[in-house]
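Participant: Residue strings, one per chain:
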Amino acid sequence: MQGPAALQLTPDGRLKHLLTTEGLSQSLITELLDTAETFLSSQGQPVKKVPLLRGKTVVNLFFENSTRTRTTFDIAAHRLSADVVTLDIRTSSASKGETLFDTLKNLEAMQADLFVVRHSAGGAPFFIADRVTPNIAVINAGDGTHAHPTQALLDLMTIRKHKGDPANLSVAIVGDLKHSRVARSLIHGLRGMGCPDIRAIGPGTLLSGDLGHLGVQSFNRIEDGLNGVDVVVLLRLQKERMSSALLPSEREFFNLYGMTESRLQLADDNAIVMHPGPINRGVEIANEVADGPQAVILDQVTNGIAIRMAVMAMTLSTQQESQS
Amino acid sequence: MSVVIRNVRILSPNSSLHQATEIGIEKGLFVDPTTIKDAQVVDGQGGLLIPGLIDCRVNLREPGLEHKGTIASETQAAIAGGVTSVVATPTTDPVVDSPADVRLVLERAKASGLCRVLPTAMLTQGGQGHHLSEMAALVDAGCVALAQGNRPFGSRKIELNALKYAQSLGVGVILDSEDSDFAGGCAHAGQIGTGLGLSLNPPLSETLGLGADLDLVEATGVNAHFSRITTKNSVERIKAAKARGLQITCDVTIAHLIYSEHAIVNLDPNFHLERPLRTEEDRRALIAGVIDGTIDVIVSDHSPHEPGAKLAPFPETDQGMSMSEGMIQSLIELDKQGELPLENSLDAMTLRAARLINRTDLGCIQYGNSADCVLIDPDDQTHFDPTTWLSAGANSPLLGKTLPGRVLGTWISGQHFPR
Chain F
3 MQGPAALQLT
13 PDGRLKHLLT
23 TEGLSQSLIT
33 ELLDTAETFL
43 SSQGQPVKKV
53 PLLRGKTVVN
63 LFFENSTRTR
73 TTFDIAAHRL
83 SADVVTLDIR
93 TSSASKGETL
103 FDTLKNLEAM
113 QADLFVVRHS
123 AGGAPFFIAD
133 RVTPNIAVIN
143 AGDGTHAHPT
153 QALLDLMTIR
163 KHKGDPANLS
173 VAIVGDLKHS
183 RVARSLIHGL
193 RGMGCPDIRA
203 IGPGTLLSGD
213 LGHLGVQSFN
223 RIEDGLNGVD
233 VVVLLRLQKE
243 RMSSALLPSE
253 REFFNLYGMT
263 ESRLQLADDN
273 AIVMHPGPIN
283 RGVEIANEVA
293 DGPQAVILDQ
303 VTNGIAIRMA
313 VMAMTLSTQQ
323 ESQS
Chain B
4 MSVVIRNVRI
14 LSPNSSLHQA
24 TEIGIEKGLF
34 VDPTTIKDAQ
44 VVDGQGGLLI
54 PGLIDCRVNL
64 REPGLEHKGT
74 IASETQAAIA
84 GGVTSVVATP
94 TTDPVVDSPA
104 DVRLVLERAK
114 ASGLCRVLPT
124 AMLTQGGQGH
134 HLSEMAALVD
144 AGCVALAQGN
154 RPFGSRKIEL
164 NALKYAQSLG
174 VGVILDSEDS
184 DFAGGCAHAG
194 QIGTGLGLSL
204 NPPLSETLGL
214 GADLDLVEAT
224 GVNAHFSRIT
234 TKNSVERIKA
244 AKARGLQITC
254 DVTIAHLIYS
264 EHAIVNLDPN
274 FHLERPLRTE
284 EDRRALIAGV
294 IDGTIDVIVS
304 DHSPHEPGAK
314 LAPFPETDQG
324 MSMSEGMIQS
334 LIELDKQGEL
344 PLENSLDAMT
354 LRAARLINRT
364 DLGCIQYGNS
374 ADCVLIDPDD
384 QTHFDPTTWL
394 SAGANSPLLG
404 KTLPGRVLGT
414 WISGQHFPR
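Residue numbers (my numbering), protein chains in the order written: chain F, 3 to 326; chain B, 4 to 422.
Watch out, some of these pointers could steer you wrong.
Some, not all, of what chain F presents toward chain B, calculated at C-beta under 8 Å [as the list claims (entries may be wrong)]:
id: 1; residue: G125
id: 2; residue: F129
id: 3; residue: R183
id: 4; residue: T207
id: 5; residue: G211
id: 6; residue: D212
These aren't lab readings, by the way, just hints derived from the structure by calculation.
Beta carbons: idealized from backbone N, C-alpha and C, even for Gly.
Input sequences plus hints: build the corresponding full structure.
Facilitator: Here it is in structure tokens:
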């Protein structure tokens, strides 16, 4: 195995788990995005119900709090006609001292077909994928500050829909890249799609040292970084960044990095503004931009359901074929 | 019973017996073979006879952590790795901080009847970092040094007092330099750890701690040993401190000589260590430090765990790897790879280690010294198989691997342990 990313592919390169966007090929990402688009109606809304996963059981394993991501996975699984079980592990076995490994073995015994995992420890979904019986697919719904691959894929889907092939685009990511699994996964995804110009914008305390290795150019001044970009991705700023002395205040962050109309004018005239949500108005984004014509934030949510349907359908069909 | 080991090549550079082909053992000591009558003759089959390795940092897990390992299981593992003396860490449960604890460790070691166990004890009571331990009584009971392990001192003032008091008793101290503000991350703050989204431990955690500790050591004049340095910067600082006359020593773990941060790329929890694996540049600087003598000693930092301790996502697993069992083989491997000559690594685990624990009767094959030696076939190999593994801790990157060198037999105080 070369890197944990190899765990998610079959020997012939098909997706059996989705753990990270790192190392995903352009053709595989394109296949995922194309599949997701087939789940959208002509009005751009996800189709209401298809029988693809009838009789399958999807288990949402959430070791960390999340309402929005969990809801979109729920909806996606229901629309594929799967049975969905949601386990909020914080309030169940983990607090009774059962280890992750034992929880896993119990769920396997209950004949689950797919685990959707969110965990505060980086690498936890890899641990699970490495140890589940071969017929169970694992989807990473966010692990620590490591990866959030379905968010990255829905971002890529949104970018492709509005701006075309990422191989011709400039993308700026603004805010707390250092602690963001969303940013890290998006960067890997953009690189996989051949995006030539990825920029990180934020103060030194929120940019990590490995960005250069990932082919990302860092900017401390937003005015330098936004110049002519096609896509602006804003990241959510967590309150604990202030208490850990990485930033003085939300107000200062907004003054330096908040996306205002005047700053947005530095980007390309047709640039889109994205945000993984939930947005903090007046912190990462000004009201007039959040509600303005260039924001595609709600479209991201819609695409998120289609992407999660595509990922579930693809990983389970790989598992099914390898069984038969 | 007297023994003569014949047909060997003695590798003990500072001894007049270096390159000799036979040695006698009588009453637990090395003697001139020509003076022994009626000796049992052992044919060494042309193998290398080296002084038994002295491993200055081993977690034997007793008392209190017997589910991870016992003195019996871990000293048996050590012998298989060519080790004849181990310095036991005091970070057991409870920690070793009273003469009774020290005696318990020594008695267990004696009952096991395997390799030599040299205990250390905590500098502060309970390892809590607040009240000084009864250092004189601990030394009387048989401690070779006092340490604080991975537990922080309550304050720099308390640390200063502990070092000053130890100095006044002439006791050596072992320090794990680390700044508590920066400690705790599970991976080196570099490209790999950042990319995997792990909590990070920057080199600054060591450098800041080492800088402060060096100042305190200089202020007190205590005989200090810095354990488990991991960075190029630390090697340079220790080199400079030694050059200006400070009486200090330091060690590096075998893992940090073999592996760099790249080892964690598959999130194998065996590579989750208390001191993270750092960059390739750091690894090379550590090897150079052993060769030029800046780094005095190589340790296993042997840390056996029960299976459940490593059965979790990487950041949530217990730290440390089980390494004793492959010490001599790992040194031979580093030699064969052209990384670290055996002559240097052996020196670090024999003569220099003996000097660290003030045991001039160990670490050198010389008439009159304690008969601790290991017969090895450097051209054969050892396969580390789970079915023959001796340590209670299977948390080892050695398992499943084959390394060069094979232990054919070990003598400790003249007692023979065939392999």
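Participant: Against this structure, judge whether each hint is valid.
Facilitator: We went through each hint and held it up to the structure:
| no. | hint | verdict |
| --- | --- | --- |
| 1 | G125 | holds, 4 Å |
| 2 | F129 | holds, 4 Å |
| 3 | R183 | holds, 6 Å |
| 4 | T207 | violated, 14 Å |
| 5 | G211 | holds, 6 Å |
| 6 | D212 | holds, 4 Å |
Of the numbered hints stated above, the single one contradicted by the structure is hint 4.
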